[in-house]
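A.B. asks: Same order as they appear, the protein sequences are chains A and B. Mapped onto the numbering used here, the consecutive letters of the first sequence carry residue numbers 2 to 629. Mapped onto the numbering used here, the consecutive letters of the second sequence carry residue numbers 2 to 629.
Any given hint might turn out to be false.
What the hints assert, rightly or not - Straight-line alpha carbon distances no greater than 30 Å define the calculated BS3-like cross-link-like pairs of lysine-lysine that follow: (1) B:K434 / B:K537; (2) B:K85 / A:K617; (3) B:K85 / B:K3; (4) A:K85 / B:K564; (5) B:K85 / A:K564; (6) B:K463 / B:K529; (7) A:K24 / B:K617; (8) A:K85 / A:K72; (9) A:K3 / A:K463; (10) B:K174 / A:K174; (11) B:K463 / B:K24; (12) B:K617 / A:K85; (13) B:K24 / A:K617.
Calculated from the structure, these hints are not laboratory results.
Protein chains: 2
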Amino acid sequence: MKTSIATVSISGELPEKLEAIAKAGFDGVEIFENDFLAFDGRPSEVGRMARDLGLEITLFQPFRDFEGMPKPLRSRTFDRAERKFDIMQELGTDLVLVCSNVSSAALGGIDRAASDFHELGERAAKRGLRVGYEALAWGRFISDHRDAWEIVRRANHPNVGLILDSFHSLSRKIDVNSIRSIPPERIFIVQLADAPLIDMDLLYWSRHFRNMPGEGDLPVAAFAEAVAATGYDGYFSLEIFNDQFRGGSTRAIAADGHRSLIYLGDQVSRSTRATIGIDMPPRASAQGVGFVEFATDEDEAVELDGLLNALGFRKAAVHRSKKVNLYQQGEIRILVNVEPVGFAYAAYAVHGTFAYAMALAVDDAAAAYRRALALDAEPFRQPVADGELQIPAIRGVGGGLIYLIDHKSPLGQFSNIDFEAVDGEDAGDAGLKRIDHIAQTLAYDEMLTWLLFYTAIFETRKTPMVDIIDPGGVVRSQVVENDTGSLRITMNGAENRRTLAGHFIAEKFGSGIQHLAFSTDDIFATAKSLRERGFKALHISPNYYDDVEARFGLDPHLSEQLKAENILYDRDEHGEYFQLYSGTYGEGFFFEIVERRGYRGYGASNAIFRIAALKKQMRPEGVPKDAI
Amino acid sequence: MKTSIATVSISGELPEKLEAIAKAGFDGVEIFENDFLAFDGRPSEVGRMARDLGLEITLFQPFRDFEGMPKPLRSRTFDRAERKFDIMQELGTDLVLVCSNVSSAALGGIDRAASDFHELGERAAKRGLRVGYEALAWGRFISDHRDAWEIVRRANHPNVGLILDSFHSLSRKIDVNSIRSIPPERIFIVQLADAPLIDMDLLYWSRHFRNMPGEGDLPVAAFAEAVAATGYDGYFSLEIFNDQFRGGSTRAIAADGHRSLIYLGDQVSRSTRATIGIDMPPRASAQGVGFVEFATDEDEAVELDGLLNALGFRKAAVHRSKKVNLYQQGEIRILVNVEPVGFAYAAYAVHGTFAYAMALAVDDAAAAYRRALALDAEPFRQPVADGELQIPAIRGVGGGLIYLIDHKSPLGQFSNIDFEAVDGEDAGDAGLKRIDHIAQTLAYDEMLTWLLFYTAIFETRKTPMVDIIDPGGVVRSQVVENDTGSLRITMNGAENRRTLAGHFIAEKFGSGIQHLAFSTDDIFATAKSLRERGFKALHISPNYYDDVEARFGLDPHLSEQLKAENILYDRDEHGEYFQLYSGTYGEGFFFEIVERRGYRGYGASNAIFRIAALKKQMRPEGVPKDAI
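Just need the whole structure built from these sequences, with the hints factored in.
C.D. replies: See below:
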């Protein structure tokens, strides 16, 4: 698959954009006209820069308001085109995008437009150039690729072809199967963009909200499959207008774009069995979270040990060569790393005590690792002692580690090789069974990056975005989960540091892991057991319980129990949900205990009450409220 | 006019919200239920806090999914209502908002709903409470205030009334005159919200984009006038859901809300001659910019003097008691203040050399000042020497000063009293006539504040928002202008510091004045004259001129002239526009010279090229690009 991206998709000045595009691994680049016009240098210089970076200039765009112009505008329009042809020849690209006319001066008529394109094709042919026609979703007369194709067909000129753009077709819900009958050589280039499903004016939506394939909600893969079915083997090129991307990191957005195309190519390869040069193992099926590892030092480890004991964990094993302890309860494994050298120590030195790594158990760790690398994930390796396991690992949110383990390296075996069991008094556990979910907090403008990362590598889907109301601002929450519920990661995007989430990432960040939710099969028994161990549950306002009783029509006895134990309650069409929180540890890390009685959500409607309680608990006397 | 605001409209925790609302000058507050539920204290405590701050609790809201429920849900719904009545009595408010049912379980039927409300009215009456019914724009059966009113009419109970909300009525384009026939005593409260005109899903629009009356594009004044025409004399209450406000400054957003209501009251008073207790002078008619004043020190003043000379200004007068020089050209007056004490010095000490003040010439400065203060503007006074003028002044963007002057204190007279003319060689001017516009840069989330400030105090309007594409991100631009063009202020809202605008406010800010645009009647003569004085025009990419020639079909001779002088060109349906820029001074301040041949805009489509050129010029060798 040949990959390309339009310069308009990323921030920066033209040379900076080209460098980032090359570095991200694209084969080609579309030069967006304004980027060229603002550049203080000849077209030939732009061409040279691109070629020096190994980039083909796939397209010069856009050329607007061309077809169907009445005289005398018509001849001026052709003159304009000739000027653009001059630039293209100097740039070193043979293809220009003509988008459908939106001018109020334009006249309609398929044959008129076809005849204009035939003439333009003649002129282009004289210079060895080609013209591609694209239907804008809001074009005055032509707003459907089927009509654009009919014009191209009637123009009947080898130098005139069709340009398809997934946004323009999918935003209008045009059947993508209409693409399958187009001869592949008549499709000059294919542009791709996704977008979140928000019902709004098409032009406004397109100009501000487009995003990378897989980052939005449009069926871009089905679109690309229809294109591939024609036999098309040209460039797939991203053309993304997005306010956030325009202000974001040039390199990071370019990297996301490349990942999105590779993932799309993988989807297309799989569903169409087309050979488009993308070959990697399938998405990794996650069995669960193998372990979560904290980086800390000897002193702070004492406090963490106390907290874990209060949660019913017991120290089960110690590492044979490193200062790492393994705590266990049910299927939950927590590693506490106080090794005074190495990556964990470096992470601790920067961020203080935090959960810097997690292990995801998958069907085939080696295959998952290969897939992750094919999708531009950053590998991580560190020295291990002789005979110890080198577990494949990649960098996740904030540079935190994600270890990949499988049945060939299950945690049991891994424990046996690297860890030695310890005997200690067993005070009995608190009924915690599994990690229900891991909650990661990150800057809002990194949400799309990591949602794409998880969904492209692991067999997961993302849930719709939910707004969490923090007294300091809105936090956007979205979940990556799989069908079985064995992998659930909630992602919270913070826009300012006055929110609890924003404070956490400003002060801590690291892996972004802000809380761990453990499951129990009996929330009340667990609450009692925790209480007896000295665990202090987060105090929830009594006002909450009066409302929850009335809202759900709860038995007053149940709501009294909930209130007594500070348990939050929610219900969906599948069942009930119970949530119990710890207070915060450090700059906002906390634990949650949940019981699901069929419920499938994450208690989003309770978040406002949990946040208010956490903020109240965190606020030291005398510290101004908006510092938290 | 009695003013109120819902707690949901601003950020913060409940006590913080109440304090900010009281401080902003509101008479009352609506308690949004979630703010109460998250608060860890009794309803009576909330009531006491509000009363201690002098706030009446005008409403408890919302109560959802009430009317038209089938059995057995119906009786549970009434039970829920009784629980809310308990809270209301303890809070100390007699009014609850019931919004139209959105539940899929609800049954339709006007009479069924009316009968439910009659029963609820009976129950409320027993406790001395009242129930207000509001039609949500997306209600399942009731989405129009006319239908809600019919239900209230048929409920036929003195404790059941109507609640009107401008957003719900105006978003559906319901004729506001339908309000005029409603008896005022049946309207229990009126909620107000504006919104920008963006065509999108009503619920999404309402939940994220509402803003204060006058900050958006809806005809909220016409709505309020229709309400006032009924004889309604109750609360006008703001209910604003806005993502930006939720993350913004609690106090600043509350203050904006209060200003918006006072301004709305003023509009209603004027158009309906209703006595609603708002009385202030009319909006001030601006004649032009009297002067712009720079704060600097003796050393930097030398550089500024050189720049002003190169622009054709001459030093015309010196202040009698302060170290302030007056430079003049045409009607343009620039003051340069190097006084080593006082406000200007303090501003200079913080921000360095910058334009910290401007004087707006109005019809009646004293009246404009009274109006500004009535609209919560912050007054500014500083000591003057005996016999000198105390010019009324208010604080504008970033705390910068806006002096108000008029024919009783014109700059001529002001100059004569406070200034002494100096004789110097007159090298002739460069043809600069007037200040065409002043450009202020500010953080994007302060845009609405200052647009409201200007349009409420001065007889101006705001233009639609335009996106300016900076290589570092999108800058939102909107203009405040009057009919004659004598006052034009362009406002640029920056979202990050990687843009030229964002860099300027991060490094400089102060008054936010980032550039001054002077007008000439002959741009080419002025360009030549400036060149001869040693003025260095900002170099524009030659690529721009090839495009502009083709795009507008310019005579090649003209485009050659433009290119030779680095003049940018634009055209609208009214005429032509020519723009010439200086390089940047310090952290991004610059001058612009424009010639308007009938043109009414501001050359927004040229901004991308101007910004690229300014950034290129600012970038010292070796400094990474994204530091600029």
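A.B. asks: Taking the hints in turn, state whether each one holds.
C.D. replies: Status of the hints after comparison with the structure:
Restraint check for B:K434 and B:K537: satisfied, since their Cα atoms lie roughly 20 Å apart, inside the 30 Å limit. Distance restraint check for B:K85 and A:K617: the Cα-Cα separation of roughly 25 Å lies within the 30 Å cut-off, and the hinted pair is therefore satisfied. Distance hint between B:K85 and B:K3 is fulfilled; the C-alpha atoms sit about 25 Å from each other, no more than 30 Å. Restraint check: the Cα-Cα separation between A:K85 and B:K564 comes to about 19 Å, which is no more than 30 Å; the hinted pair holds.
Annotation: proposed proximity of B:K85 to A:K564 holds, straight-line Cα distance about 19 Å (limit 30 Å). Of the supplied pair hints, the one linking B:K463 and B:K529 is violated, its CA atoms being roughly 35 Å apart against a limit of 30 Å. At most 30 Å may separate the alpha-carbon atoms for a hinted pair to count; A:K24 and B:K617 meet this at roughly 23 Å. Between A:K85 and A:K72, the direct Cα distance comes to roughly 20 Å. Compliance with the 30 Å bound is thereby established for this hinted pair.
Between A:K3 and A:K463, the direct Cα distance comes to roughly 27 Å. Compliance with the 30 Å bound is thereby established for this hinted pair. Annotation: proposed proximity of B:K174 to A:K174 holds, straight-line Cα distance about 28 Å (limit 30 Å). Pair hint B:K463 plus B:K24 holds up; C-alpha atoms about 28 Å apart against a cutoff of 30 Å. Taking the CA atoms of B:K617 and A:K85, the gap is near 25 Å; set against the 30 Å cutoff, the hint holds.
Proposed proximity of B:K24 and A:K617 is supported: the alpha carbons are some 23 Å apart, at most 30 Å.
Against the hints set out earlier in the document, a violation occurs for number 6 only.
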